[in-house]
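Protein chains in written order, with numbering that gives the first Met the number 0: chain A, 0 to 395; chain B, 0 to 395.
Hints should not be assumed to be uniformly reliable.
The list makes no distinction among identical chains, and a pair is therefore deemed to hold if it is satisfied within one copy or across any two copies.
[As the list claims (entries may be wrong)] When the alpha-carbon atoms are kept at most 20 Å apart in a straight line, the in silico EDC-like pairs for lysine to aspartate or glutamate are as follows: (1) Lys97 with Glu20; (2) Lys232 with Glu351; (3) Lys348 with Glu153; (4) Lys232 with Asp302; (5) Lys315 with Glu20; (6) Lys118 with Glu7.
Because the hints were derived from the structure by calculation, they are not lab data.
In this text, all values refer to a predicted model and were calculated from it rather than measured experimentally.
Number of protein chains: 2
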Amino acid sequence: MVSELMTEYGNNRCLIREISEICNKKAAEIGRENLCDFSIGNPSVPSPLAVREAMLDILTNENPLNIHSYTSAPGMMETRDAIAENLNKRFGTSYTGKNLYITSGASTSLVCAIKAVLKDADSEIIGIAPYFAEYKAFTEGNGGRFKLVPADTEKFQINFDALEALITEKTQGVIINSPNNPSGVIYSAETLRKLSALLKEKSCEYGHIIYLISDEPYRELVYGDEPLPFTAKFYNNTIVCYSYSKSFSLPGERIGYVLVPGEADNWEEVYSAVAGGARASGFICAPSLMQKVIARCADIEPDISVYRKNRDFLYKSLTEIGYECAEPAGAFYLFVKAPNGDATPFCMKAMEDNLFIVPGSEFGCPTHFRAAYCVDYEMIERSIPLFKKAFEEATK
Amino acid sequence: MVSELMTEYGNNRCLIREISEICNKKAAEIGRENLCDFSIGNPSVPSPLAVREAMLDILTNENPLNIHSYTSAPGMMETRDAIAENLNKRFGTSYTGKNLYITSGASTSLVCAIKAVLKDADSEIIGIAPYFAEYKAFTEGNGGRFKLVPADTEKFQINFDALEALITEKTQGVIINSPNNPSGVIYSAETLRKLSALLKEKSCEYGHIIYLISDEPYRELVYGDEPLPFTAKFYNNTIVCYSYSKSFSLPGERIGYVLVPGEADNWEEVYSAVAGGARASGFICAPSLMQKVIARCADIEPDISVYRKNRDFLYKSLTEIGYECAEPAGAFYLFVKAPNGDATPFCMKAMEDNLFIVPGSEFGCPTHFRAAYCVDYEMIERSIPLFKKAFEEATK
Chain A
0 MVSELMTEYG
10 NNRCLIREIS
20 EICNKKAAEI
30 GRENLCDFSI
40 GNPSVPSPLA
50 VREAMLDILT
60 NENPLNIHSY
70 TSAPGMMETR
80 DAIAENLNKR
90 FGTSYTGKNL
100 YITSGASTSL
110 VCAIKAVLKD
120 ADSEIIGIAP
130 YFAEYKAFTE
140 GNGGRFKLVP
150 ADTEKFQINF
160 DALEALITEK
170 TQGVIINSPN
180 NPSGVIYSAE
190 TLRKLSALLK
200 EKSCEYGHII
210 YLISDEPYRE
220 LVYGDEPLPF
230 TAKFYNNTIV
240 CYSYSKSFSL
250 PGERIGYVLV
260 PGEADNWEEV
270 YSAVAGGARA
280 SGFICAPSLM
290 QKVIARCADI
300 EPDISVYRKN
310 RDFLYKSLTE
320 IGYECAEPAG
330 AFYLFVKAPN
340 GDATPFCMKA
350 MEDNLFIVPG
360 SEFGCPTHFR
370 AAYCVDYEMI
380 ERSIPLFKKA
390 FEEATK
Chain B
0 MVSELMTEYG
10 NNRCLIREIS
20 EICNKKAAEI
30 GRENLCDFSI
40 GNPSVPSPLA
50 VREAMLDILT
60 NENPLNIHSY
70 TSAPGMMETR
80 DAIAENLNKR
90 FGTSYTGKNL
100 YITSGASTSL
110 VCAIKAVLKD
120 ADSEIIGIAP
130 YFAEYKAFTE
140 GNGGRFKLVP
150 ADTEKFQINF
160 DALEALITEK
170 TQGVIINSPN
180 NPSGVIYSAE
190 TLRKLSALLK
200 EKSCEYGHII
210 YLISDEPYRE
220 LVYGDEPLPF
230 TAKFYNNTIV
240 CYSYSKSFSL
250 PGERIGYVLV
260 PGEADNWEEV
270 YSAVAGGARA
280 SGFICAPSLM
290 QKVIARCADI
300 EPDISVYRKN
310 RDFLYKSLTE
320 IGYECAEPAG
330 AFYLFVKAPN
340 GDATPFCMKA
350 MEDNLFIVPG
360 SEFGCPTHFR
370 AAYCVDYEMI
380 ERSIPLFKKA
390 FEEATK
C-alpha cells in the first residue's frame, strides 16, 4: 500500500546503528565497563567551551522571539558571512555569505546537492568505496542511479581506472569524502589533481558539467602537519557539504552547510538548485539557536588532542599485534584488514567476546573493519587483549 | 546543467516570504512603527516559560555529550512516550512511543509521509484549497503528481463533489490542514465523517488504501469552547504531521513529529515507510536539545489569550468596515474576501500604503487575502484605518 523502496529503507537500517544498539543492549545487561564499543562515530570530546557558553549566553540574554523565529531558508546572513570569512582566512578563498546555504548537517547538505544535480530518472551519481553507504539511499531515494567505484585497498586513494570506466554521459556527480569515513585516509593533493583533470576531461567529452560533491564533516580532524588539501580549490564545479557534528561535537543538533563556490560555472543557478533541493525536502531553515551559535563561534578550533592520543595508541597496538591498517591521517576511525580477509564473520565473532566493530561490507569494502576511536582511552587499553585474541583465533 | 525543477523551486520563492522581505526592507527605511505587517506566521508570543527554563536547565546541568549526541533516528524514546501519553490523555487514544517518529517540524513530517505513500511516478496526492502551497513542491519534488480541490469559499470546509471527481486509482493520499492556514477555519466533525466515508469507499473501490495526511501544526490554537475534532479518530489510515513551531513558539528550532496510529492497516509497515522517507531525505535525527525539551514539556499548554484578543479585535473591526471573512476558529490567520473579489491587485495596492497582507493566490484561493494576526495589538489598532481606506478605495 505504501512505497516499497521507502519501506525497504525503513526496515533495512544502517548496520552501524544496528551494531551500536546490540552493544547498548549488552551494556545494559553486563555493564558498559565489560565491553568495548568501537561501533559508532559519536564524538567523545564535549563541544568546545565557547560553543557551550554561546548557547547559554544567547538563551539567557537575547529575546526568545529573536532566538527561535524562522530564519530565511538559506540561513541568517551573519552566520553565512562568519563561515565565509573563516574559510577565506584558512584557505585563501574569496567566498561571501551568498555562497553558503545553512543546513541541518552534512546529510541534509548531501541530499540538497544530489537533488540539485540529478536531471532526470537516468541521471547517475558515483561514489568511491570505502564510502558512507547512505549516499546510495540519498541518490536512489530521490530518483537517481548510484554506482560505486571499488576500493583501492592498497592506499585508500581513488581507483582511477575503475572510476573512468563508470563515468558515462549520464553521470551528473561524483561524491568524495576526505578525511574519509571509514578509512581515516586523506585524499592527497595528487589524487585531487588527477580527479579534477578526469572530471574536466569527461565534462568536456559529454558536453555537461560533472559536479564534485565533497562531503567534509571531518575536515577539522586532521593529525598530520600538512594542512588538508581543500577540495574546492582543485576543481571549480565542487559543491561542498559540511557539518559541525564532529568538529563542534554537535551531531544531535543538526547544523552544517552547503558551499557553492563563486568559481563554479553559473554558480548562482547551482545555488538555486541546491535551495530547490532543500525546499523539496521540507527543509524550512536550520535550527535557529545553532545558527546563532555558529555566527559567534565560526572561528573556534576544536581540540583534537584526545582523538590524536587515541589514534596513536590504537594504531600502534593493532599493528604490533599484526593487523594491517589504512593510514590513519584524519577523522576518528581506523580501517583495519580482517586477518582472514573477510571482515563480516570476524566482526560477528568479536561481538561474542564483547568487542564491537563494524564490518566493511557496510562501506563497500568487505575485507576491512572499522573501529571508531572517539571513545575513552581506558576502553582502548582494555580492548587490546580482545583484539589480540581475535587476531590469534583468525590466524591460527 | 542542474535539475530544472529544483532550480525553479529555488528561484520561485514562496510569496509569503517575498512579501515579508519587502516589508522588512521597508521597515528598515521608514521604521517598523510606520507600517503594518500581517505577512508571516511567526508567533508573536514567546515560548512558554517552562520550555525556556527546560532549555537552560538541560544546558546547565546535563552532560553536554548526552545533550548533543545523535539520538536514534525516530527520536528519544522518552520524548516519544511523553507525546503519546499527552495525546492519550487529551484524545482518549492508546498510542505508545512506537507510533511516533520525531522530525524537524511539520514540513519534514509531510515530506516523510508523502515519500512513504508515493508508490510510483504516477502516484497522486490531493490537496484542498485554500492550502499551504508547499504541499505541491513536497509532492512533485519527490516524484509524485499533485492535484488541488478548489476552495469551498462559502464555509471553507471541503468541496466534496470536486474531491470525489479528482480521486482516481492513482490517488495515494489526501492532505488536509485543520485548523487551516490560511483560512483559520476548523473542519467540523461532520466534514471529517464525510471525508472518512468517501476515503473508505474509494479505497475499497480501487483496492488500495488512500491515506489521509493530516497537517496539524495549529492543533493547539483553537478559540471556541468545543475541542478540536481529532482527525485520526475519524479515519484509521491517517498519518498525523505535527510541529511545535506554533504551540511552543519554536518555528526556528525545527521540532515536530509524525504519528502513525496503531489503528492504521499494517501500521508498522506504514511507519517503516515514513522512516524510509526520512532516511532518503537525509534526516538523521531531530535536534537533540529540543527532543529533551519536549520530553519534559509535552504536557505544557500554550497561552493563546494574546492571539484570541487579536483575533476578536481584528475580526470585529474588519467586519464592521464591511469585509467578509471566513469563520476564524483557530490558527492565527484571518482569510478575508477582497472587496472587489481579486485579492492580488488589492494586496499590491495595500502594500503601497504600508499594509502588508498576502493574496490568496498563494493558497489556491485568489478571491481572498490572508492577514496573520500573530502581531502586536497596537499594530492592529494602527492598521484599521488602512484596512478602511483600502476597502473604500476598492468599493468606490
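- Any of the earlier hints contradicted here, and which numbers? Hints 2, 3, 4, 5 not satisfied by this model.
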